[in-house]
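K.L.:
Residue-level listing of the chains:
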Amino acid sequence: MANADLTTKAEARDFNFFYSNGHHALKNINLPLYENKITALIGPSGCGKSTLLRSFNRMHDLYPGNRYEGEIVMHPDNTNILDANVDPIEVRMRISMVFQKPNPFPKSIFENVAYGLRVRGEKNKRLLADKVEEALKGAALWDEVKDRLQDLAFNLSGGQQQRLCIARALATDPEIMLFDEPTSALDPIATANIEELMNDLRGKLTMLVVTHNMQQAARVSDYTAYMYLGDLIEHDKTGDIFIKPKDKRTEDYITGRIS
Amino acid sequence: MNTATQVQEPSQRTTISPRLAKNYRRNITERIIEFLLMLCALSAVFTTIAIVVILVYESYSFFEHVSVFDFLTDPQWTPLFEDAHYGIMPLVSGTLTISFVALAFAVPVGTIAAIYLSEFASHKTRETVKPILELLAGVPTIAFGYFALLLVTPLLQMVFPDLPTFNMLGPGIVIGIMVVPYIASVSEDAMRAVPMSMREGAYAMGATRFQTAMRVVTPAAISGIVAAYILAISRAIGETMVVAIAAGQQPNLTFNPMDSAATITAYIVQVAMGDLPHGSIGYQSIFAAGLVLMLMTLFFNVLGHFTRKKFREAY
Amino acid sequence: MGTASTLENIDAVRAMIKRAKLKDHIFGLVGLVCIMLILLTLLILFVDLVVDGYPKLFSADFYSNFPSRRAAKAGLLSALVGSSLVMLVTFVSAVPMGVGAAIYLEEYAPKNWFTEIIEVNVTNLAAVPSIIYGLLALGLFVYTLDFGNSILTAGLTLGLLILPVVIVATREAIRAIPIAIREAAYAVGATKGQVVGQHVVRYSAGGILTGVIIGMARAIGETAPVITIGALTFIAFLPESPVSSTPPFINFEWLTSGFTVLPIQMFSWLSRPSSSFHVNAAAAGAIIILVTLLMNGIAIKMRYNIRKKIKWQ
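Residue numbers (our numbering), protein chains in the order written: chain A, 427 to 685; chain B, 37 to 351; chain C, 44 to 356.
No lab work stands behind these hints: they were computed from the structure.
Backbone N, C-alpha and C fix where the C-beta goes; we use that ideal spot for every residue, glycine too.
Hints may contain errors.
Unchecked claim - DMTMM-like mimics (lysine to aspartate or glutamate), calculated; alpha carbons at most 20 Å apart, straight line:
1. B:K346 with C:E159
2. C:K64 with A:E548
3. A:K533 with A:D573
4. C:K344 with B:D106
Said to hold, decoys possible - Cβ pair distances, simulated, as ranges:
5. C:A103 with B:A229: 47 to 57 Å
6. B:L72 with A:G472: 50 to 60 Å
7. B:S233 with A:D577: 30 to 40 Å
8. A:K453 with C:L72: 35 to 45 Å
9. B:L132 with A:F444: 49 to 59 Å
10. C:T187 with B:D225: 33 to 43 Å
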């Protein structure tokens with residue numbers, strides 16, 4: 427791998443994950459996320475790609491009995507975000523997330539985007555308005571909603587809702603953004619919009635994207651990791667993975683022999 | 037058409053093969069079963085019709101003696117006195133005051149308990165507490181009446197020495213205690229129905245439990261929670277024994293919970309305990325009072341029903 | 044982007060998280076207090092009744108004496124007998140009717156306005172205050188049908204009152220049975236009546252029973268509607284026994300007898316100004332609450348077991 431000009435923003439080191447029922451879902455994962463690059467996680471259903479993604483902002487802490495082993499380290503401060511002394515809330519303030527299905531809050535468009543800032547105790551109205559506008563522009567939604575910021579977010583279309591959720595995640599200036607199959611609940615046009623948006627964000631933000639759709643991984647990501655049954659099989663530049671995979675299992679998946 | 041009628045004729049039926057004849061009998065039995073079951077289901081409709089007919093019929097006789105205007109505006113309710121007055125207002129004021137006290141107690145306690153159970157408590161705590169809430173909801177109201185008269189009111193009298201033995205504050209609080217399990221469990225159900233993805237969205241933004249509960253889950257479940265409040269009001273209005281025992285039996289046009297007063301339900305009990313001749317105006321007056329009670333609870337039931345429906349449609 | 048990142052302000056962010064989490068802890072405490080308050084109420088209520096009624100609760104005379112003008116002599120006998128007989132009528136009237144109605148609504152009723160009306164009625168009846176049922180019974184059973192203030196009237200009234208409880212529980216139990224079971228029975232040539240009788244009702248029996256128990260528990264403690272129909276508070280005789288040792292062994296005279304029931308007896312003792320009667324009231328209350336708690340407890344436990352055990356897959 428030629429990664430001379432790459433900085434590692436975060437990396438999983440010998441990372442294992444166990445669900446509360448004892449299921450060993452992730453086995454010795456080593457995966458770097460390069461700064462301002464998009465890394466895609468691909469693999470068949472149940473391979474652990476969403477589990478890995480959700481470990482990066484400690485979503486598994488919400489359900490009792492789940493267990494992490496190993497480290498996920500963030501740079502430049504070298505913090506192991508899985509450390510028991512690190513507050514998951516602090517982790518989530520640095521790493522934001524966009525979910526599989528759009529999940530806006532039952533609030534206005536404005537309040538949805540401002541939510542993260544409000545949680546951080548921000549009360550300055552001027553600043554909130556500026557940040558909301560900036561985030562909505564960043565999510566390519568501003569022109570569609572600028573005249574109805576006080577409307578309920580549920581009134582937006584599915585694709586718009588998902589861009590709203592991206593704006594909500596962007597508004598807090600995260601260091602890393604996680605996307606958990608962000609287009610799987612959307613129609614092709616809305617999917618294209620989201621992919622275009624991710625392309626726009628490329629180079630400005632470190633992103634980790636779980637996708638079920640290999641074409642999508644090929645279109646949007648700089649790096650791709652292939653996972654199978656809880657193992658990380660291969661991680662390389664996206665072009666290399668898709669053109670000349672080193673591992674037989676990766677090749678089988680990419681050519682459609684495993685699905 | 038012709039062939040169809042022929043089959044119905046007895047002479048034709050005797051020639052039917054034994055197997056078909058068996059089927060025919062089978063069909064008849066099936067029809068009878070279905071008809072009987074339908075009658076059972078219709079009992080609900082008949083009950084409603086009977087309630088309405090009886091309340092309206094007896095009230096009609098009542099309003100032949102008492103003008104509707106007097107009924108609604110007279111500040112006194114003394115149907116059993118020599119100088120009879122038939123103003124429903126004192127009974128309504130007593131009913132509303134006690135319901136207000138009950139809700140003032142039950143809404144905060146029930147809502148906090150619901151939020152705690154739904155968002156803070158461990159699975160185990162929730163599974164332990166919810167059946168106990170159900171148990172509490174099954175405690176007969178007469179036991180709560182004892183509680184109000186002989187425990188809660190004496191305790192309150194230590195704080196407010198002027199509080200009379202019969203007052204609206206004690207029974208109000210006790211009815212509040214009675215409806216807390218209802219508010220808590222219905223609101224908790226509403227909050228549980230809020231999809232997990234919405235909570236995850238909030239937590240992923242770095243929200244704390246409290247922030248997620250207050251700013252995301254509660255607003256999302258609000259119509260379900262409000263429906264619980266409304267249906268609880270309906271219960272408080274219709275509650276009988278606690279007030280009949282502990283609030284006093286004197287109709288009193290007041291909204292002061294420290295006073296003694298009668299409610300609509302307490303009045304009905306008071307008359308029923310006596311020995312009023314069938315057909316007398318006193319007898320009819322309890323149906324007129326019952327009609328008002330029915331209309332009040334119906335209003336809140338319908339309101340609560342639609343609020344809950346709105347909530348169910350959202351999720 | 045605009046403001047300084049989380050990392051640069053990490054100390055401020057941590058302080059802010061600490062403040063926010065303090066609210067978590069405070070609310071956790073307040074919530075726990077509210078829950079404890081609810082649970083303690085149940086405990087205090089029960090303990091209060093047992094302690095106050097203690098002298099009577101463990102005296103055999105209390106259960107074998109008729110009511111009396113003297114608190115020391117007054118007993119529960121006629122109320123115990125009355126409650127049992129009224130419950131018998133309630134059971135016989137509400138259970139077949141409620142289960143039948145639920146079966147009709149789940150298995151037979153077409154989806155149309157007519158069914159919709161029945162459904163709305165069931166929902167509505169469940170929310171009608173119990174005293175309204177008393178007025179219904181007073182007008183319908185006592186005077187129109189001329190049953191008088193008898194055991195029959197009281198039993199039927201409480202039967203109507205718990206009808207929605209039985210219907211709702213039965214429907215829930217029936218709904219838990221998958222279509223596949225019905226199809227399997229139809230596939231071997233069963234008629235609808237056979238499918239319902241031999242499969243649906245049988246498999247949902249446990250769920251139906253829980254509903255019946257909860258309904259009966261409610262009926263035992265109900266006071267207001269029974270007062271309204273004119274239950275007597277001072278009954279110094281027992282109704283004719285429903286069974287006898289001489290032919291025809293069974294009689295129905297008891298149905299028309301006057302009566303009192305446990306909660307009415309308690310209410311009458313509680314309404315006396317003399318506090319010596321309050322001991323009797325407390326003892327009666329303790330018995331009522333014990334019986335209802337036991338019945339509800341058994342039903343809740345049963346329902347929990349059914350939900351846990353049966354997985355139709």
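K.L.:
Which numbered hints are broken by the structure, listed smallest first?
P.N.:
Those not satisfied are hints 4 and 7.
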